[in-house]
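Chemist: In the numbering used here, the protein residues as written are 36 to 203.
Keep in mind that the hints are not guaranteed to be accurate.
As the list claims (entries may be wrong) - Derived DEER-like restraints, expressed as beta-carbon distance ranges:
1. S70 - Q198: 22 to 28 Å
2. L73 - L108: 45 to 51 Å
3. M93 - L148: 31 to 37 Å
No lab work stands behind these hints, which were simulated from the structure alone. Since this is a predicted model, take the numbers as computed values, not measurements. Every residue gets a Cβ at the ideal spot worked out from N, C-alpha and C, and that includes glycine.
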Amino acid sequence: MDLAAGTTQFTILAFAGLLIAAAASDWRNLTVPNSYSLALAGLFPSYVLASGGGVDWMSSLIYAGVAFAAGFLLFTLRICGGGDVKLFAVVALWAGPAFFVPMLFYTTVSGGLLAVGMWLHHKLTHTAPVASLAFSSGDAGYTKQPMPYAVAIAVGGLYVALQLLLGV
36 MDLAAGTTQF
46 TILAFAGLLI
56 AAAASDWRNL
66 TVPNSYSLAL
76 AGLFPSYVLA
86 SGGGVDWMSS
96 LIYAGVAFAA
106 GFLLFTLRIC
116 GGGDVKLFAV
126 VALWAGPAFF
136 VPMLFYTTVS
146 GGLLAVGMWL
156 HHKLTHTAPV
166 ASLAFSSGDA
176 GYTKQPMPYA
186 VAIAVGGLYV
196 ALQLLLGV
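Please model the complete structure; the sequences and the hints are all you need to start from.
Modeler: In structure tokens, the structure reads:
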């Protein structure tokens with residue numbers, strides 16, 4: 036293995052590790068510190084340089100910008116948190132045009148599974164012994180509860196990391 040390939044692999048593994056750390060932070064505290072998004076964005080130029088020009092970094096910047104703009108809209112509508120928006124944008128940067136759609140798919144599906152799991156946990160721990168799993172009017176306040184969506188974003192990002200590693 037040459038130095039460039041080793042550097043590329045190390046950078047991708049650092050990307051994956053930072054994603055896991057961001058997801059763990061969101062799971063514990065419902066916050067994604069800016070330091071994770073900044074570190075992930077800071078690793079990208081190293082990945083681009085080490086990969087020897089095989090990365091369409093201009094298109095990746097465009098995808099990240101569009102993802103950030105869409106996320107900012109969702110943030111202003113109070114649908115998602117600012118840390119999630121920044122994390123998703125930086126994962127879109129790494130995904131680029133080649134992996135953006137599958138990353139979005141895995142993020143969306145895992146976010147849905149996370150929401151269902153959190154709702155089931157709520158239903159099973161906060162209802163009478165003969166619990167109904169049907170949605171009730173008493174659950175209306177629960178649907179507005181924050182969700183650690185960085186966990187789902189990390190799943191999509193880990194898909195991207197795996198694809199990038201397989202391409203090295």
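Chemist: It remains to establish, for every hint, whether it holds in the given structure.
Modeler: Results of checking the hints against the structure:
1. S70 - Q198: 22 to 28 Å: Roughly 25 Å apart at Cβ, these two residues keep to the hinted range, so it holds.
2. L73 - L108: 45 to 51 Å: violated (22 Å)
3. M93 - L148: 31 to 37 Å: holds (34 Å)
Checked against the numbered hints above, the structure violates only hint 2.
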